[in-house]
Amino acid sequence: MKPRLAFALLATFLAACVSTQSENPPSSQTATNTQVPSDPARTPTAPPAPAAAKVAETRSVSADMVRMIAMPAPILMQAPAPDRERYGALTDNPVKRVAEAPVSTFSIDVDTGSYSNVRRMLNAGRLPPADAVRVEELINYFPYDYAQPQDGRPFAVHTELAPAPWNSERVLLRIGIKGMDVAKASLPPANLVFLVDVSGSMNSPDKLPLLKSSLKLLVNELRPQDRISLVTYASGTQVVLPPTAGSDKATLIAAIDGLRAGGSTAGASGIQLAYAAAQQSFIPNGINRILLATDGDFNVGLNDTRQLKSLIEEKRQSGISLSTLGFGTGNYNEAMMEQIADVGDGAYSYIDSLMEGHKVLVNEMTSTLATIARDVKVQIEFNPAVVREYRQIGYENRQLAREDFNNDKVDAGDIGAGHTVTALYELTLVEGKPSVDDLRYAPQPPREGPLANELGHLKLRYKLPAASSSQLIDFALQRSAIKPLAAASSEFRFATAVAGVGQLLRGGKYTGDWGYAQARALAATDLGQDRFGYRGEFLRLLDLATALGTRPVL
Numbered sequence: 111m112k113p114r115l116a117f118a119l120l121a122t123f124l125a126a127c128v129s130t131q132s133e134n135p136p137s138s139q140t141a142t143n144t145q146v147p148s149d150p151a152r153t154p155t156a157p158p159a160p161a162a163a164k165v166a167e168t169r170s171v172s173a174d175m176v177r178m179i180a181m182p183a184p185i186l187m188q189a190p191a192p193d194r195e196r197y198g199a200l201t202d203n204p205v206k207r208v209a210e211a212p213v214s215t216f217s218i219d220v221d222t223g224s225y226s227n228v229r230r231m232l233n234a235g236r237l238p239p240a241d242a243v244r245v246e247e248l249i250n251y252f253p254y255d256y257a258q259p260q261d262g263r264p265f266a267v268h269t270e271l272a273p274a275p276w277n278s279e280r281v282l283l284r285i286g287i288k289g290m291d292v293a294k295a296s297l298p299p300a301n302l303v304f305l306v307d308v309s310g311s312m313n314s315p316d317k318l319p320l321l322k323s324s325l326k327l328l329v330n331e332l333r334p335q336d337r338i339s340l341v342t343y344a345s346g347t348q349v350v351l352p353p354t355a356g357s358d359k360a361t362l363i364a365a366i367d368g369l370r371a372g373g374s375t376a377g378a379s380g381i382q383l384a385y386a387a388a389q390q391s392f393i394p395n396g397i398n399r400i401l402l403a404t405d406g407d408f409n410v411g412l413n414d415t416r417q418l419k420s421l422i423e424e425k426r427q428s429g430i431s432l433s434t435l436g437f438g439t440g441n442y443n444e445a446m447m448e449q450i451a452d453v454g455d456g457a458y459s460y461i462d463s464l465m466e467g468h469k470v471l472v473n474e475m476t477s478t479l480a481t482i483a484r485d486v487k488v489q490i491e492f493n494p495a496v497v498r499e500y501r502q503i504g505y506e507n508r509q510l511a512r513e514d515f516n517n518d519k520v521d522a523g524d525i526g527a528g529h530t531v532t533a534l535y536e537l538t539l540v541e542g543k544p545s546v547d548d549l550r551y552a553p554q555p556p557r558e559g560p561l562a563n564e565l566g567h568l569k570l571r572y573k574l575p576a577a578s579s580s581q582l583i584d585f586a587l588q589r590s591a592i593k594p595l596a597a598a599s600s601e602f603r604f605a606t607a608v609a610g611v612g613q614l615l616r617g618g619k620y621t622g623d624w625g626y627a628q629a630r631a632l633a634a635t636d637l638g639q640d641r642f643g644y645r646g647e648f649l650r651l652l653d654l655a656t657a658l659g660t661r662p663v664l
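The numbering used here applies: residue 111 is where the sequence shown begins, and numbers increase by one.
Below, a list of computed lysine-lysine pairs in the DSS-like style, where the Cα atoms sit at most 30 Å apart: (1) Lys519 x Lys573; (2) Lys359 x Lys322; (3) Lys326 x Lys359; (4) Lys569 x Lys543; (5) Lys326 x Lys419; (6) Lys593 x Lys206.
No lab work stands behind these hints, which were simulated from the structure alone.
Please read these numbers as outputs of a predicted model, since none were measured by experiment.
My request is simple: use the sequences and hints to build the entire structure.
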């Protein structure tokens with residue numbers, strides 16, 4: 111019975127009781143007041159005062175009860191669930207003096223999960239916490255029109271230099287990497303294991319139902335030579351679907367449709383079973399990858415990120431990579447999702463809508479699945495005769511030691527087919543105003559000579575997918591390449607606008623008085639072809655960030 115109907119029936123019943131009381135007083139009073147006296151002349155015409163008061167009080171209380179119960183039932187507002195989302199702590203890269211630390215080394219990053227996660231929060235009407243914003247993932251969410259490699263290498267490297275829009279005394283160095291495009295039809299056969307979290311925490315429309323719809327989009331893109339397995343984990347683990355040909359789409363979709371949420375989250379045992387399934391159907395010289403789809407809420411088994419990373423790092427030696435697809439809100443463990451994809455030689459994506467699922471698993475299927483270069487590292491040695499200071503924008507958790515660059519045992523990021531990767535440095539030239547005072551006793555570098563025009567020396571190391579030894583790309587960066595911001599490419603200016611917004615969302619420590627309005631004006635002039643509408647959506651998100659970031663004047 112519905113609550114409002116029950117209240118109405120109860121109110122009707124009490125109203126009837128009050129009516130009866132008004133016509134027939136309680137039995138004890140009736141016995142006293144209707145007694146026939148021996149002397150008719152003394153028959154009272156009204157009840158004694160105390161009895162009348164008691165009846166009136168009873169009627170009043172009963173009427174109040176009727177009025178209270180007949181009122182509409184109050185809607186009890188459920189307190190929002192506690193926000194247990196977890197993000198890795200990030201500290202902005204500091205300004206470094208070239209005279210003291212001339213070399214910067216980092217691993218490339220092709221993850222995009224931070225952007226779609228930030229988008230989810232802005233669309234929900236709140237600014238993201240600073241640690242949720244990884245600026246390089248915002249920049250790399252967008253495809254850039256960089257030229258394809260022409261020298262037989264798996265990727266091309268492009269650089270560009272122009273003043274920073276938030277500080278005209280600084281120069282931005284953009285390093286752009288473009289992976290070789292590979293047609294989907296020419297990809298090697300794929301051995302894919304869908305590792306799906308079906309625990310109770312996934313029982314939400316933005317989790318398991320969205321996950322299932324996203325996986326079905328990928329199924330529709332599979333070829334007959336591809337093999338798909340489906341492993342689930344909750345309180346236990348299970349191989350729901352053994353290796354099945356990509357052409358058998360009805361069987362694959364039926365298995366996905368049959369997924370139901372319930373139980374705790376034995377994630378670690380699920381990962382172990384997924385690796386076993388991938389190893390069983392391993393394709394030599396093929397694509398062997400696990401796609402882990404979860405909200406990251408591991409509460410049974412190995413739930414320490416370091417232990418999980420060790421497990422996955424050990425397993426990747428077998429030639430099986432692991433990518434992560436994040437879902438949901440409230441208890442989302444983004445810190446774990448990003449880090450285990452990193453050590454699993456995969457990419458981390460966050461799926462906040464079916465459109466994002468389509469982007470990651472359909473539009474970017476080849477780059478999501480096919481690796482063309484492994485362990486890609488970047489190192490720049492800045493020339494102290496030309497550059498006084500530098501600051502890398504983003505990539506805070508991708509920093510490497512200087513000696514790691516030449517050590518082929520050190521893991522780094524991978525590039526997928528068609529991927530674009532962008533990195534930005536903010537430079538202070540020797541004639542510019544420094545952020546850090548010069549050391550009193552430091553020797554001054556000579557400003558004349560054959561290297562006086564070089565900003566620095568750029569080097570990249572990478573491995574081919576089946577190789578164990580790295581190859582080197584290197585060339586000098588020339589000061590003469592600096593051009594006005596207005597003359598820079600539209601790709602440079604748009605990436606710069608995104609980098610500025612990322613810094614603003616993290617607090618704007620280095621952006622001065624430059625704000626969202628200036629970022630929007632810069633981005634709006636450089637939307638390019640925008641085939642999928644990503645850049646237009648960025649402008650709308652900027653409007654939300656502007657509104658949410660505006661504080662009332664007191």
